[in-house]
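*Asks:* Read off the chains here:
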Amino acid sequence: MDLSLTDDQVAILDAIDTLTRPYAGASLHEAGFALPDAQLDRDLAEGGFLDIGFDPDLGAVSAALVVERLARLPQTVEAAASALIRPLLGGDLPRPLCLVEEGRTTRPIRFLREGATVLLVGPSGVSTFTATAAQVRPEPEALYGYPMATLLTVPAERTLHAIPASEVLIRWRIALAAEAAGLLAAALDITVAHVTDRQQFGRPLATFQALRHRLAQAQVRANGVRWLALKAAATLDPGDAALAALHAQESARATVYDFHQFFGAMGVTLEHPLHLWTYRLKALVGDLRGRGGQGLAAAEALWG
Amino acid sequence: MDLSLTDDQVAILDAIDTLTRPYAGASLHEAGFALPDAQLDRDLAEGGFLDIGFDPDLGAVSAALVVERLARLPQTVEAAASALIRPLLGGDLPRPLCLVEEGRTTRPIRFLREGATVLLVGPSGVSTFTATAAQVRPEPEALYGYPMATLLTVPAERTLHAIPASEVLIRWRIALAAEAAGLLAAALDITVAHVTDRQQFGRPLATFQALRHRLAQAQVRANGVRWLALKAAATLDPGDAALAALHAQESARATVYDFHQFFGAMGVTLEHPLHLWTYRLKALVGDLRGRGGQGLAAAEALWG
Amino acid sequence: MDFDWTDQETAFRDRLRALLADTLPDDWERFSQHGPASPALTRYAESFCGTLAEQGLLIPHWPVELGGQGLDPWHQTILAEEMWIAGEPRGGQYMNVNWIGPTLIRYGSPDQQARYLPPIAEGKALWCQGFSEPGSGSDLASLRTRAERDGDQYRVTGQKIWTSYAGLADTCFLVCRTSDDRKRGISILLVPMDTPGITVRQIPSLIGEGDIHEVFFDDVIVPVTARLGDEGQAWEIIGYSLTNERLGIPRYALARAALDRAVSILKAQDEFDGEAVKIEAAHCAALTEAARMASYAIVDRRAKGEAIGAESSSARFATVMAERRVCEFIVEYLPEALADAHPYLKMHHQRGIVAGIAAGAAEIQLNIIATDVLKLPREPR
Amino acid sequence: MDFDWTDQETAFRDRLRALLADTLPDDWERFSQHGPASPALTRYAESFCGTLAEQGLLIPHWPVELGGQGLDPWHQTILAEEMWIAGEPRGGQYMNVNWIGPTLIRYGSPDQQARYLPPIAEGKALWCQGFSEPGSGSDLASLRTRAERDGDQYRVTGQKIWTSYAGLADTCFLVCRTSDDRKRGISILLVPMDTPGITVRQIPSLIGEGDIHEVFFDDVIVPVTARLGDEGQAWEIIGYSLTNERLGIPRYALARAALDRAVSILKAQDEFDGEAVKIEAAHCAALTEAARMASYAIVDRRAKGEAIGAESSSARFATVMAERRVCEFIVEYLPEALADAHPYLKMHHQRGIVAGIAAGAAEIQLNIIATDVLKLPREPR
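Protein chains in written order, with full-length UniProt numbering: chain C, 1 to 304; chain W, 1 to 304; chain H, 1 to 381; chain L, 1 to 381.
Don't read these hints as lab results, they were simulated from the structure. Just so it is clear, CB atoms sit at the ideal spot from N, CA and C, and this is done for glycine as well. Incorrect hints may appear among the rest.
[Said to hold, decoys possible] Reference listing, derived: stretches of chain H covered by chain C, where coverage requires no fewer than 3 residues with Cβ under 8 Å from a Cβ of chain C: (1) 56-66; (2) 131-138; (3) 174-187; (4) 320-332; (5) 361-369.
[Stated by the list, open to error] Derived SDA-like pairs: lysine to any residue, alpha-carbon spacing no greater than 25 Å straight-line: (6) 183/L to 140/L; (7) 183/H to 199/C; (8) 304/L to 9/C; (9) 183/L to 146/L; (10) 375/H to 165/W; (11) 375/H to 4/W; (12) 375/H to 235/H; (13) 375/L to 209/C; (14) 304/L to 240/L; (15) 304/H to 6/W; (16) 304/H to 2/H.
[As the list claims (entries may be wrong)] Derived CB-CB ranges, DEER-like: (17) 195/L to 375/H: 43 to 49 Å; (18) 271/H to 122/W: 26 to 32 Å; (19) 381/H to 167/C: 27 to 33 Å.
Chain C extracted, bound-state conformation (with noise of 0.2 Å):
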């Protein structure tokens, strides 16, 4: 075992946070409910950073790192999907890939718009289409953090994929798993700011024991689930990109509320950019129906 950063991973990401360092300090006063970036996503297109998966060398590991540093921006990037289920799909679909479960079709769909693949996968299969405009509601009034819409029609024309749905629920699961890793840290990171920095009661609200533990508690999600997704991606194994999101959406749920807590109202302005990392997870919390989804994944593959 070796759970260092190779020389590769490590050149990858410091690249990363180069190219991303404008955007992770850009002024985030008034930055509304998301916060999406298209030069952001043409730069990290551009410099290949999306398709790290299709490099057998460098693999999904690799991939997973780069989901969860990119989750780790105030902007949002359609940066999951991509590189970790695109490679199963080939390479010539258009970004953003946005994931819909089957039976789930009118759901709320993250960086869904007109141009972008979607994904459908479920007991019938894998296939793709490109949305048109007339398929896409567009709802801006949506909480979530991320652009999103909801697909009114679900064309019959469909171009199949000859993988197994389970090979996409996999890397699905990993996908949620390292965009979680990435948000929890944020989150964290920027609610240990806040609370070192205010005061309350004469003191830095950081030296309160009781939020000393749940911020703790937090640290111990955050690094937990960044792990379990890292592995998952390494092995690819159904069981552990099963418990990678589950543990995953669980720790998005336990986390939240304390976040927000802990921000007081400063956590419901948009002047304060807290809600572009918690209201993602809970985004995220809901994938593949939600813990119990990922439970019984995972207990089928652990003891089915």
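Start from chain C and add chains W, H and L according to the hints.
*Replies:* Quick look at chains W, H and L alone, frame taken from chain C:
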């Protein structure tokens, strides 16, 4: 609505307090895993305290109040089933009354011994029998804080009772919740006393905020379990009963760990009585298929 | 013990429900997604509260001599539950009738009562409460907005934040510092919001347009006659107000209603079929009902004229637990609710997520329970 | 990043499993319900550790020059996991090889090393650790057992509590006070347990016979040569010991093994069929694997010779979370395990329930994470 005790209820609880005062103050040094007390049992039975549920003027709420109060004692008495379920069956069945769910007859059973009445409830109906020595294997090493035994065989010849199983299950859940309410209150009381007394880092443990907040949450839970149990006893509604039992089992899980945490090593000695309440709570957590069983019953009753 | 409603209470609840059904517009559920403090809801509330006042349902719990009917705390609770379940069509006026009015009745001068009570009773007033400041949230006694006495007037300078309704309110219930004594140096001024020197800035918010503001006081001149009670009496007056709002909003009731709505939607979609969703819904219901009963235990004592103490913090924390779990249930099982699919559930989420921070943070409730219910020795300061 | 075991590591684990299967008696699972500190297990451990020593598996991670094979932290972890999963047949000797021996190697005098290391290496020693006192648990620096210097000896008076193995141990690793300086006034004495003036009282316990004791020191005379390191050096020495035990017992491994066992029993009983039980089991597995990976991240750094800091507290707390949930799973779904039906699961429960209080309470780990990982400003004292 009138949530005060009636004069009768006040009088009954006062009489119980008077009767049990010598027992409440008993030395608990090396009390062992469980602490049954035949004399206390006789005193309570002869005083009629376990027959209150037979009196239509007093009814199930008063019986639940008795169960809750007795559960606070370090000694254990089979009160819950006798006080709340026996009235359904008629009064001539020998105590203790031991509850067994069909399909789960091999699980250890509280208070089971030769001569006890075993009540079997399930889809095939409600029946009772008097246990013989040959049917019973005592479990002196069971950790649960109750005298327990395993039923080796279920006799074919049993007394059938012409009451619906659902009626028994409603009262079983209320009995469970009422007993849990008393156990939670007593475990909370003794933990509060301990942390107030115990010094660490030069001050009482009770002055550490993280611990204070966790004990405060335990208070909220104990209070909620008590009210849900009493309300369910008043309505005898299947939904109310299932919610009360669910909240009791969930709250037992949520608090028992903390109580032991705050007692530290003292909580695992037999010289301190904490386990007499916490391990009884553990025993209740698995009843009627645990939280899943109560949750499904509640969902059926509320939204079925 | 008796857990039943009286016939009179049931009839009162039925009457409220009928009135809501008759009065609220057809698109009310979508409309009520705007926060209770939004301009849209504030305008609607004036018409709605007028209707309530006509029907004797705006201040039924006030004393008869002040236009009320002297109804007991159970009726007050039923009123609060039904209004909150309905999305609080009274808007910000719920504060007026629940605690600002009663506080003025107790502490107001005859002039203040004559000026402020009638508009409240008619459903025409809108107040905002100037409590929180940028450096002082849970710790009210640390507030710094100053009112300097200058003859028969005060000169007020400072800043309030998170102020709901400030953009449209006519009067501010302003807590400010008149001396350096931490608690006894605080006084209350009743300040018309059109007084020169007051500036209001809306803060864009996740939970709805117009919901929260900053309010700046820049040499605002307020006559001494606008002071409520004595100088330095604010701590006592606020304590009294809190006894009138001890239980806060009956959030458990909306949480349960939202849960029931979510379940009915899931059933209609054939998605209330697995064990996981049913068990999670049951946990939510257990928490809402535990919070309800803990709250009713306090109402019962108020109805009997008994003193209410720290136990109300236990009921409040129970309510926060319930709100949290219902919000999480909907996010997990009906994520489209937070987009545009189910306005009633979105409304619930928007109001529910602040349960733990509004009107006394959940952690403050835990402190109170630890110290005053469990009688644990205090933390060192 | 590479998450695979090497062939050598896999072979090492297989060899351990084969040895355990060959060596442990048939009734081992029932037998191992007695705590690792029970007389029965302590006696058995002497024979078992003798076998391990013969096979070169007792101290394989010690330096070659001291009889070990210099195996790296990954092998040490595999050894610890397999032994703990098996119910720790080394009994109390696991302490000897994991930290008492290595501490003596670093700080012991030549005489001390010559006296104490060979019996440890042969599997014949049993130590107890004199740390906790009635008034001093998590706060070690508050200990009060005094060692008064008197020429070339110390006179020790005081009381230790919760002392595992004390009833049968031959030597005590005693932490005591040699001056009033809170941390620099603490020293370590290596005290034969048959020294006059030592009295041991067994404390009856939920978790097994003989598991915990009080130890009274009444004018116990200990030669100065029995002091480990310098006077006042205990704080430093204990700090070093902790780096050798930073991760503590690999409880996640037994928790996962117990979970798998419980699931297999439930399946055999046709009770692993509903969603609820499966989802709860999956939550348990997620926590055990999260704890495992957090622990491996630390092992990886140790294997690379990097300094290990507060991150190990994060792994330890993750382990406590996992232990707790697995214990709760078994109590809820297989309650008979805590009676007499499934000795392996009862053994797990008995050892698991102290995860949060043994060897640094869970709350202490959270303090460390808050201060040293998250870098939050400290609490006021």
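*Asks:* Confirm or reject each hint.
*Replies:* Do the hints match the structure? See the list:
1. 56-66: violated (count 0)
2. 131-138: Three-residue rule met by the region 131-138 of chain H, so holds; n is 5.
3. 174-187: violated (count 0)
4. 320-332: Three-residue rule met by the region 320-332 of chain H, so holds; n is 4.
5. 361-369: Our answer is that it holds, as 4 residues pass the Cβ test (under 8 Å) against chain C, meeting three.
6. 183/L to 140/L: Holds: residue 183/L and residue 140/L sit about 9 Å apart, inside 25 Å.
7. 183/H to 199/C: Cα-Cα ~18 Å, so holds.
8. 304/L to 9/C: 18 Å, holds
9. 183/L to 146/L: 14 Å, holds
10. 375/H to 165/W: At roughly 44 Å apart (the allowed maximum being 25 Å), residue 165/W and residue 375/H break the hint.
11. 375/H to 4/W: 23 Å, holds
12. 375/H to 235/H: 23 Å, holds
13. 375/L to 209/C: The given pair, whose Cα atoms are some 14 Å apart, holds under the 25 Å limit.
14. 304/L to 240/L: 18 Å, holds
15. 304/H to 6/W: 14 Å, holds
16. 304/H to 2/H: Distance ~14 Å between residue 304/H and residue 2/H Cα, so the pair holds.
17. 195/L to 375/H: 43 to 49 Å: For residue 195/L and residue 375/H the Cβ distance comes to about 46 Å; the hint holds.
18. 271/H to 122/W: 26 to 32 Å: With Cβ atoms ~30 Å apart, the hint holds.
19. 381/H to 167/C: 27 to 33 Å: Violated, since residue 381/H and residue 167/C (Cβ atoms, about 59 Å apart) do not stay within the stated range.
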